[in-house]
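Novice: Chain by chain, the residues run as shown.
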Amino acid sequence: MALALGSIVDALGGQLHGDPAVRIEGLAPIATAGPEQISFLSNPKLQPQLAACRAACVIVAPAAQEAARARGACIVADDPYLYYARLTQLWKRAHAPARTGGVHPSAVVDAEAEVHPTAWIGPLCVVERGARVGAGTVLTSRVTIGERCVVGERCTIQPGAVIGGDGFGFAPAGGHWEKIEQLGAVCIGNDVDIGANTCIDRGALGDTVIEDGVKLDNLIQIAHNVRIGRHSAMAGCSAIAGSTTVGEHCTIGGAAVVTGHATIADHVHIGGGASVTGSVRKAGAYGGVFPLDEFGKWEKAAATLRQLPALRERLRALERQAAARDQEKT
Amino acid sequence: MALALGSIVDALGGQLHGDPAVRIEGLAPIATAGPEQISFLSNPKLQPQLAACRAACVIVAPAAQEAARARGACIVADDPYLYYARLTQLWKRAHAPARTGGVHPSAVVDAEAEVHPTAWIGPLCVVERGARVGAGTVLTSRVTIGERCVVGERCTIQPGAVIGGDGFGFAPAGGHWEKIEQLGAVCIGNDVDIGANTCIDRGALGDTVIEDGVKLDNLIQIAHNVRIGRHSAMAGCSAIAGSTTVGEHCTIGGAAVVTGHATIADHVHIGGGASVTGSVRKAGAYGGVFPLDEFGKWEKAAATLRQLPALRERLRALERQAAARDQEKT
Amino acid sequence: MALALGSIVDALGGQLHGDPAVRIEGLAPIATAGPEQISFLSNPKLQPQLAACRAACVIVAPAAQEAARARGACIVADDPYLYYARLTQLWKRAHAPARTGGVHPSAVVDAEAEVHPTAWIGPLCVVERGARVGAGTVLTSRVTIGERCVVGERCTIQPGAVIGGDGFGFAPAGGHWEKIEQLGAVCIGNDVDIGANTCIDRGALGDTVIEDGVKLDNLIQIAHNVRIGRHSAMAGCSAIAGSTTVGEHCTIGGAAVVTGHATIADHVHIGGGASVTGSVRKAGAYGGVFPLDEFGKWEKAAATLRQLPALRERLRALERQAAARDQEKT
Chain D
29 MALALGSIVD ALGGQLHGDP AVRIEGLAPI ATAGPEQISF LSNPKLQPQL
79 AACRAACVIV APAAQEAARA RGACIVADDP YLYYARLTQL WKRAHAPART
129 GGVHPSAVVD AEAEVHPTAW IGPLCVVERG ARVGAGTVLT SRVTIGERCV
179 VGERCTIQPG AVIGGDGFGF APAGGHWEKI EQLGAVCIGN DVDIGANTCI
229 DRGALGDTVI EDGVKLDNLI QIAHNVRIGR HSAMAGCSAI AGSTTVGEHC
279 TIGGAAVVTG HATIADHVHI GGGASVTGSV RKAGAYGGVF PLDEFGKWEK
329 AAATLRQLPA LRERLRALER QAAARDQEKT
Chain S
29 MALALGSIVD ALGGQLHGDP AVRIEGLAPI ATAGPEQISF LSNPKLQPQL
79 AACRAACVIV APAAQEAARA RGACIVADDP YLYYARLTQL WKRAHAPART
129 GGVHPSAVVD AEAEVHPTAW IGPLCVVERG ARVGAGTVLT SRVTIGERCV
179 VGERCTIQPG AVIGGDGFGF APAGGHWEKI EQLGAVCIGN DVDIGANTCI
229 DRGALGDTVI EDGVKLDNLI QIAHNVRIGR HSAMAGCSAI AGSTTVGEHC
279 TIGGAAVVTG HATIADHVHI GGGASVTGSV RKAGAYGGVF PLDEFGKWEK
329 AAATLRQLPA LRERLRALER QAAARDQEKT
Chain E
29 MALALGSIVD ALGGQLHGDP AVRIEGLAPI ATAGPEQISF LSNPKLQPQL
79 AACRAACVIV APAAQEAARA RGACIVADDP YLYYARLTQL WKRAHAPART
129 GGVHPSAVVD AEAEVHPTAW IGPLCVVERG ARVGAGTVLT SRVTIGERCV
179 VGERCTIQPG AVIGGDGFGF APAGGHWEKI EQLGAVCIGN DVDIGANTCI
229 DRGALGDTVI EDGVKLDNLI QIAHNVRIGR HSAMAGCSAI AGSTTVGEHC
279 TIGGAAVVTG HATIADHVHI GGGASVTGSV RKAGAYGGVF PLDEFGKWEK
329 AAATLRQLPA LRERLRALER QAAARDQEKT
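Protein chains in written order, with the numbering used here: chain D, 29 to 358; chain S, 29 to 358; chain E, 29 to 358.
Just chain D, with the same shape it has in the complex (with noise of 0.2 Å):
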């Protein structure tokens, strides 16, 4: 199935630059698209390969509109990257079966569970007891919703997601653990994507909370109590301890970790693999990892490092002692 250039502006806007009737069979990167594809230049260092790309029509900026045109066929948007990724939404409803609500029939879905009629609980999901799914939402195979947690509308949720699982709570009771039952639930918001098998527990008391267009990758833990502001983004394997709140229109890298009982103010970025060992109160971009190094130089750096408190003492021995021979000398 093939889309016209004209039915793609007349859909996404923008200005087309070519015939309207040339008919595209596919998507694909600058630098391999074929002739009867489309593609798109968002990263300007990326000019230069526009007058090799034999794309059926590139989208583009306007600062970039020149060196497309002389090339061949064009569309021009404001924000090239966005209008791409509403074209992958077009081309999908275009291609892609409907999706239709309703549940299938392995699904094991509690009859005091709630379920919009447009929501789609697809094969072995299971949603226990008082739990709802809101309109237009997809589980997509394998999802655990688990008793009394909310998930908003035109959420999606990849397959092995776990939402409710029980918080890690135990005190310690003269050796062995004592189980802290967790009364809370999660509540998540609208338009919010879960990853594959990541893991959302509920709260001890209070709910885990997940708010409005958040969007978590794969195997991500999420622990109880905490709290995700709205717009923010996990990228895979990434976790946030007990208790921390996580602000809105934050980033947080792959695989970095949030400590527990933590607030991480609005607009923070965290680097992948970034341990973060206490509160954040200031917008901007964190980062922390230890440099990757050939093995062995590696392993002395790690030594060398552990004497840093003593070489920093004998730095200042030095120092001290050089000032007192300039003062001998005056």
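Fair warning: there could be bad hints in the mix.
On the chain D side, residues computed to face chain S include the following (Cβ under 8 Å) [stated by the list, open to error]:
id, residue
1, A56
2, I58
3, F196
4, A213
5, G217
6, G315
7, L339
It should be emphasised that the hints constitute simulated quantities derived from the structure, not laboratory data. Just so it is clear, CB atoms sit at the ideal spot from N, CA and C, and this is done for glycine as well.
Following the hints, put chains S and E in place on chain D, whose structure we already have.
Specialist: Just chains S and E, lined up with the frame of chain D:
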């Protein structure tokens, strides 16, 4: 459904100061508890919040009794946090329908598996040939117990956990990998809790062993031949590589990683995010993560870190010069 | 069920010194093997254990043959570890019921999926529309193969793995995130093993590719558009971010993280827990984790680390002073 204060102390002990007929509608933290809720004070730093707490009743230690009684009703208990843990259990028993033994019709239990009549095998679980599940154990939903694996009594396993996947064993064979079949199993003791999507691999020859009372959070990886000692606890996203033994009463922080073939002594506490690259033979608290910083500062510190062995040499050279000068003078 | 020593060498080769009629009841490590078990010696450091080993037979390299024969029966093989690997396979074939092709009745396989008659689709798996599963491949249980994803021949996929979840792609759009539909798929070669709860995302436009012979442990994240070269192996909890290419014959240690849009050369070995923040263009072994230490010492080293660029400046200042003094003297 509500619980009277009197029924709480009847069940859990403690000394009630206040009207036993007062009915409690829920549990809440001290800062947010309303007049129909019960709260607890376990962290002495929070004692200043006591006066303003609106809860119907507060569980306190003997040291806080005076301040608590000045405010209103209280229950005095030696360990308020443990009391709170037991209260959550009482609350759950009173409010959730009792879990009885059985197998959900959607679960797949092999005819040669043994499931105790008081165990519960939840929706869409798999219990393979020769596996055994002990009395009172709960597999919540979508849990796999592999061939010949044994789960003890009173365990709870959260959704998506995989007990008895193959250990990761391959022998190099002229450029490709030859599978080492994993002939062992997993043996889990009594009173073990296992989190969502956590994986415990079967042993290569012998068994991977999780001893009594161990608590594992979500998304944890336990490799083949590992042994975790009694009452040790591991937080989310942590991992233990193959053939490592972890002692009793240890705690492993979130996302911490322990290398293979290592021995961790009893009562060792590993901080979140730390990499344990060898054995830890002495009880105590250990840590090691790169400190978080503004991105530019981290980059600078990381770059300098690589030069650290060279800096140390330069420091030594200066020290030798200074020593030589001192000697000259005398 | 037992195997005679003679039948072992008939099947696997090697030179038997001892009675071929002796029957073996199992395999065990050299330190714990009993008189009815067979063991192997691949690590020369363990050779001193040979004399005390109680095994019925030990598999050894030619160099250890003399010591082994002095002890009792042995099989001499060029690579005892590889021989052991093949023996586990022989053992499993002899003892486990042969897996035949088919689809477990609880699995959900789309009518438009193609499953080879010799492949096995285990309990509670999902195989979506247009997916293909090759000859001899085993989906153990609770595995998802997404739309249009392809799995080659003789692969084994452990429980809970998700092949073809959506890649994590969103374009920023004035404060919220706009979904980039993931139009590609996942293409997995032959002889690939995939661990429990591991996730491999579908590509954004093209495919995510796992080449022949790749071995992936549990809880691994492979993001969209990644390519993993032939016979590379990744340990548990490691992760590769989007659009990165990993070469052939690489190994990635447990919990190591590789950034996106990077290129890792062939024969690169990344140590456990390391963060790879850019391309690695040269074969070799690389590492980088903060050294573990007693908690207080770590805190001190970490605090000093932040001052490292300043310490370097102070060292330079001292060096300049010393150089100036030396010049003065001359």
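Novice: Checking against the hints above, which ones are violated?
Specialist: 1, 2, 4 and 5
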